[in-house]
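Go by the hints and put chain B onto chain A.
For reference, the chains in residue letters:
There are 2 protein chains.
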Amino acid sequence: MNIVISGMGIIGGSMAKAIKKYTDNYVYGINRSPLPLKKALECGAIDEIGNSDTLEKADMLVLCTYPEASVRFVEENADKINKSCVVIDTCGIKSGICQRLSQLADEYGFTFVGFHPMAGKEKNGFDVSEADLFSGANAIIVPCDAPHSAVDKVASLVKKLRFGNVVFASPEEHDRMIAYTSQIPHVLACAYVFSPNCVKHKGFSGGSYRDVSRVANINASLWSELFIENKEPLVNEIDTLINNLNKIKDEIKKGDREELAKVLHQGKVIKEALGE
Amino acid sequence: MNIVISGMGIIGGSMAKAIKKYTDNYVYGINRSPLPLKKALECGAIDEIGNSDTLEKADMLVLCTYPEASVRFVEENADKINKSCVVIDTCGIKSGICQRLSQLADEYGFTFVGFHPMAGKEKNGFDVSEADLFSGANAIIVPCDAPHSAVDKVASLVKKLRFGNVVFASPEEHDRMIAYTSQIPHVLACAYVFSPNCVKHKGFSGGSYRDVSRVANINASLWSELFIENKEPLVNEIDTLINNLNKIKDEIKKGDREELAKVLHQGKVIKEALGE
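The listed protein sequences correspond, in order, to chains A and B.
For what it's worth, our numbering labels the leading residue of the first sequence as 899, then goes sequentially.
For what it's worth, our numbering labels the leading residue of the second sequence as 899, then goes sequentially.
Careful: at least some of the hints might be erroneous.
If chains are identical, the list can't say which one is meant, so a pair holds when it fits in one copy or spans any two.
To be verified - Result set (DSS-like, lysine-lysine): computed pairs, CA atoms no more than 30 Å apart in a straight line:
#1 K981 - K919
#2 K1057 - K978
#3 K1100 - K1021
#4 K1019 - K1145
#5 K1129 - K1145
#6 K1019 - K937
#7 K1021 - K1098
#8 K937 - K1021
Since the hints were made in silico from the structure, they are not lab data.
So that you can see chain A by itself, here it is in the shape it has in the complex (with noise of 0.2 Å):
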């Protein structure tokens, strides 16, 4: 396959990689700027730089930047796009984005892919890209109305790539789990450094303070977007797990420790219902 990666941020790059690693397609990047090109096609991550001409032989098109840059590039070069490629994106975010990528496959005879990596890093760009970000990690696919061959062909890229398990899922549940699984830790961790003891916090801190903060370091261009783009399941999960505290809290004020002990416990139970 001809596959065209848009973007050579730390997710597109990584894409690059791995596909260059652990498949025989031929890769074109594209970016707004060239120093990551160049460095791509210096270290073998890409065959070739391309350009919106390359689309129309793209068999596969991966839009590896922010959301709304990732309908735009399509908006702006849907023209271009040969009608037999498979087009995904890899946003933190589904519902809007694949409502609106769907209706240009539709409108321009390509075909629209969802799909999602659930890997990354506190750091952002290509020089921290890696062939083995996703190895073992979830890949979520969201098929919308695409025919089986091309999810097919999404999927069995996918499990060359080395990702560990693959789900299907439609837009709307994709977006209530990530809330949950990972845009609350991203909204938490911001929220627990804000504490005025956080800079306080070293000779007194182990490992829970470094799991729960990690991600604070937060790009906050990007995730803003993914916030406001999943505001309602996002901001019932923030409720949710306030509502949760409140009640930890005040059974720690009422003081009763076998009462505590009991809430507290329950976490224990679902913990290890999971298996973790």
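Using the frame of chain A, we list chain B on its own:
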């Protein structure tokens, strides 16, 4: 030194193993149930099984049981503790415990120094103890009113056991910081897994879910004691966290991407200022 360790769980077992691995001290173990003592003796974590009479020849007594049980052990055996003995606890909270143990020390003539090793696991008991559990971990020493020589003795032992930073704090400072660095992540982990979406997370989660939920597999009877003993600082931190969650939630609801990004960006600023 003759060191007596009371409590052969993960902390007592790891202290014993570390002392035998990294120092020449002679270690006695005391425990309510005999099995962990038998195991500790077999693997060389202790030199001998001790009893309350052993306290007469102890140069150091390390309390490695739950807070209330630690105080009770000293209360019940105070008259047997050698007057030149330095007693240290390993509890996760200090204000109440240190006050009571300092008072017993004054009354019976031995010395008390508070100590909190910032290490642990999601599992408990002697079987998961290890000599290098504390390797690189923070050690908090709470001198209370102990003489310099006793505090130095504790600090010197702690350094030999391969702890990382050693910090000194008052009981109140310790408890305020621990509410933030250690207790909040445990409250949070439980509150987080109480969401109805938790049980469905597989296939949709990555490192963020794993990190925030890790300590939800909680020892409920220990932590309910620690939380209630540290009620005021902990409730304050929970309130701070809820306020900060609401602040982010309100920005998400307003939907102004730039304003939300400004708030989130503070997370990055704080983490980077800490060099994290």
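The hints, checked one at a time:
For a Cα distance limit of 30 Å, the shortest separation of K981 from K919 inside one copy, 27 Å, qualifies, whereas the shortest one across copies, 68 Å, does not. In this homomeric assembly, K1057 and K978 come within 30 Å of each other (Cα to Cα) only inside a single copy, at 29 Å, whereas the closest approach across copies is 67 Å. In the homo-oligomer, the alpha carbons of K1100 and K1021 lie at most 30 Å apart both inside one protomer (22 Å) and across protomers (25 Å), since each shortest distance falls under that limit. For a Cα distance limit of 30 Å, the shortest separation of K1019 from K1145 across copies, 25 Å, qualifies, whereas the shortest one inside one copy, 33 Å, does not.
Taking CA atoms no more than 30 Å apart as the test, K1129 paired with K1145 passes in both settings, with 24 Å inside one copy and 14 Å between copies. For the identical chains of this complex, K1019 and K937 are intra-copy neighbours only, at 20 Å inside a copy versus 42 Å across copies, given an alpha-carbon limit of 30 Å. In this homomeric assembly, K1021 and K1098 come within 30 Å of each other (Cα to Cα) both inside a single copy, at 24 Å, and across copies, at 28 Å. For a Cα distance limit of 30 Å, the shortest separation of K937 from K1021 inside one copy, 17 Å, qualifies, whereas the shortest one across copies, 45 Å, does not.
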